[in-house]
Amino acid sequence: MSSYEARFQVWRGDAEGGGLEDFRVEVNDGEVVLDIVHRLQATQAPDLAVRWNCKAGKCGSCSAEINGRPRLLCMTRMSVFGRDETITITPLRAFPVIRDLVTDVGFNYQKAREVPAFVPPAGLGPGEYRMMQEDVDRPQEFRKCIECFLCQDTCHVVRDHEENKKAFAGPRFLMRVAELDMHPLDAAAETGLDRRATAQDEHGLGYCNITKCCTEVCPEDIKITDNALIPMKERAVDRKYDPLVWLGSKIRRRTGAN
Amino acid sequence: MSVVDRQEWDVVVVGAGGAGLRAAIEARERGARTAVICKSLFGKAHTVMAEGGIAAAMANVNEHDTWQVHFRDTMRGGKFLNQWRMAELHAQEAPDRVWELETWGALFDRTKDGKISQRNFGGHEYPRLAHVGDRTGLELIRTLQQKIVALQQEDYRATGDYESRLKVFQECTVTRILKDGERSEMGVPPAGGRGRVSGVFAYERETGRFFVLKAPAVVIATGGIGKSFKVTSNSWEYTGDGHALALLAGAPLLNMEFVQFHPTGMVWPPSVKGILVTESVRGDGGVLRNSDGKRFMFDYIPDVFKEKYAESEEEGDRWYDDPDRNRRPPELLPRDEVARAINAEVKAGRGSPHGGVFLDVSTRMPAEVIRRRLPSMYHQFKELADVDITAEPMEVGPTCHYVMGGIAVDSDTAAARGVPGLYAAGEVAGGMHGSNRLGGNSLSDLLVFGRRAGLHAAEHAAASADDRPRVSDEQVDAAAAEALGPFSAGGGETAGDREAAGGGQGVGGPPENPYTLHQELQQTMNDLVGIIRREQEMEQALKKLAELRGRARRAGVEGHRQFNPGWHLALDLRNMLLVSECVARAALERTESRGGHTREDHPTMDRAWRNVNLLCALARPADELAEADPARGRIALTRETTEPIRPDLLALFEKEELVKYLAEEELYE
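Protein chains in written order, with the UniProt record's numbering: chain A, 1 to 258; chain B, 1 to 669.
None of these hints come from the bench; they were simulated from the model.
The beta carbon of each residue, even a glycine, is placed where N, CA and C say it ideally should be.
Watch out, some of these pointers could steer you wrong.
Some chain A residues judged to face chain B by a derived CB distance under 10 Å, without partners named [said to hold, decoys possible]:
(1) S2
(2) D104
(3) P219
Put together the whole structure using the sequences plus the hints.
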């Protein structure tokens with residue numbers, strides 16, 4: 001076991017403004033960034049605001065930006081940084097700051113409400129649902145989502161374009177539309193709801209130009225672009241020509257970004 | 001004061017985990033205007049961390065499974081201390097609660113014929129756990145969350161307002177249950193505690209603003225108490241809030257000595273110590289070995305379970321493919337047995353390098369199967385410990401996981417005893433699991449009793465419609481003053497008060513750091529009221545708790561009320577200290593070992609204790625001198641005899657088995 005003193009810069013402030021504050025803090029073997037934030041609270045900054053819950057990468061609460069990259073504080077090990085590196089923690093940039101590392105993520109809850117819910121099939125009672133594993137595999141991948149909103153934060157459609165928020169649901173909720181669309185028993189179509197059409201017309205799928213930034217930051221390794229967004233774009237193509245789909249099939253996954 | 005914002009609701013649900021959300025859905029569907037209050041963001045509750053599955057006798061995988069078999073397993077797991085009517089309702093209703101989730105969009109793993117797949121788990125006779133890989137809790141919470149949104153969409157179409165009938169107040173914390181017809185001295189309900197629930201007092205984390213939700217019915221669904229222990233699988237929210245709210249409102253807690261230490265938590269690196277390693281690892285074939293490479297669980301099969309478990313590795317291994325002609329491996333004993341065995345191996349010097357034992361799947365199934373069946377575990381060990389579980393064993397050890405004790409409730413209605421209008425469901429409610437909970441029975445408990453609590457709360461609210469309880473300004477003012485206490489560290493107290501509390505630290509003791517107090521509390525409970533308990537240690541713990549109670553009054557905070565974690569922790573400390581005292585006091589009283597309560601000085605189960613419940617209530621009057629006296633403290637303990645198990649339920653067991661649990665006179669009644 002070895003300990004050392006690390007240098008941190010943590011953004012502190014609120015809606016009125018703020019700035020980076022310097023800290024020197026002890027780091028021990030095997031620790032993650034959230035451990036260091038907790039140590040700061042316990043020893044130097046008791047009112048440092050941060051969201052966290054499970055500290056096991058399962059709840060998606062402790063999202064922030066570490067050296068500019070959207071990450072979960074609890075799943076970022078200190079060992080990925082050099083000992084002489086200054087580590088900078090800032091709040092999610094795409095959402096309004098409440099205080100310190102805590103942002104107002106209400107945008108996401110609003111978008112969640114705009115996606116029509118699962119429609120149960122008529123004539124099938126509880127206990128009568130039959131689905132094959134191979135048919136639930138695809139939507140199950142999307143249900144691994146822990147709603148950390150890192151994809152929503154990193155997506156350049158809204159990251160620096162507040163004006164697009166109204167028309168664009170973001171990767172997480174476009175993926176939710178895809179999930180429902182791929183659900184073997186969703187009966188939305190029978191009620192006259194065309195989920196694919198709404199992805200394009202109501203949730204802003206057309207804004208996505210498949211740069212795969214969302215996929216890169218996903219802590220659950222969900223292939224958001226390839227498995228949810230592109231297939232929906234392909235379906236939308238049946239209705240409209242979308243040059244991005246053609247382009248997307250030519251672009252490889254970006255490497256070494258950020 | 002009393003400028004606090006007030007709103008009228010029919011039912012208020014405190015907590016938005018599985019039980020809270022299921023209660024809210026039920027109450028709203030029964031026509032009650034329902035508010036949900038939760039400490040975290042909507043959808044982040046501790047339920048997301050449940051991994052293995054939901055136990056329900058659907059008989060999709062083994063056709064012999066029935067509610068009676070599930071009931072039997074649950075009673076055995078709880079060593080017959082369960083509130084048997086709860087165990088009965090739970091086993092009967094669990095399948096409907098699971099199937100209903102599918103109609104709300106849940107996607108469970110499937111059997112070959114397209115039904116919900118079910119997996120093996122400790123203490124369950126048949127494969128019984130509906131699951132989604134090892135992230136079942138996430139599926140449960142997301143399904144309930146999305147059902148809430150679906151109801152809000154319905155309400156939007158009807159009223160133009162998503163939140164007209166069902167609203168989630170996220171990142172808000174309740175600090176007091178308010179009651180009608182009581183004097184307001186906080187924490188001192190009048191003798192008899194007859195007042196009805198009239199609402200809750202809460203603060204909003206973001207702004208620090210106070211508000212009151214007035215309602216004739218309140219459902220407490222706040223989960224557990226694990227954050228009072230140092231090594232725990234529990235998340236930040238688990239500070240025993242609901243237990244304490246109930247106590248302070250005059251409702252007793254039941255059998256708080258029973259705390260489940262899950263046998264397999266991570267032990268290394270230190271910063272992740274305690275994080276859960278799902279029981280599915282063993283259910284799917286993983287084995288436990290000590291440093292000699294021995295599968296030691298074969299040495300730890302207790303008498304009461306001798307006939308049910310394999311005697312050799314060969315038999316245990318055959319069971320996975322041929323369960324009808326072989327017995328299950330002892331790695332699948334109930335959790336209390338496995339946790340004690342691991343503890344004993346480590347103590348005997350046969351532990352792993354970091355003080356646990358080895359849990360191995362790498363030699364038991366192909367890498368690709370491991371990654372498919374246990375994706376979260378693969379990910380967790382890879383990311384946090386640099387261990388590839390498909391190639392090497394994990395190191396695991398016991399971690400504080402669940403409290404079987406909780407608010408004493410009526411089995412059918414989930415109504416808290418003694419406080420009209422108060423309901424409790426999920427981990428915060430006691431009784432259902434007896435002295436030890438089986439894996440998988442928690443998620444089903446949340447659904448079965450969450451629904452029942454919501455239903456009866458809605459009915460109670462409807463019956464109170466013409467005579468709604470009153471919220472007194474006095475109580476609101478007192479609650480606000482209490483919540484603001486930490487901003488004037490050590491202030492607002494009388495000299496006598498401080499002397500009583502500080503145990504000789506004198507007037508004007510220095511302000512205390514709430515984080516330091518919390519760490520000391522966690523260490524105390526972990527070391528002195530942990531997995532193995534001794535009389536002297538628990539007495540020592542009670543002394544330490546008395547000292548901490550005094551110091552906690554001087555817990556001071558810096559900064560202002562806007563999203564201030566130091567302040568939140570200072571307020572949570574009240575709850576953790578109350579609940580910890582209940583655990584320590586009840587554990588000292590129960591002079592036997594049973595389920596999640598192991599006494600080194602009383603190492604065997606005693607049939608005379610089988611029908612004894614221990615009830616914790618707030619000592620009244622809560623005078624300050626008593627508070628500082630470790631022998632008296634804030635909690636009064638009473639014994640009660642449990643209701644005899646109904647004969648038709650007893651008839652589900654063989655006489656030879658009952659003899660091991662029940663006292664003579666119980667057998668022949």
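Supplied contact hint for A/D104, tested at 10 Å Cβ to chain B:
holds, 8 Å
Satisfaction of the A/P219 interface hint, Cβ to chain B closer than 10 Å:
holds, 9 Å
Quick one, is the A/S2 hint okay against chain B at 10 Å, beta carbons?
Result: violated, 12 Å to nearest chain B Cβ.
Checked against the numbered hints above, the structure breaks only hint 1 and satisfies the rest.
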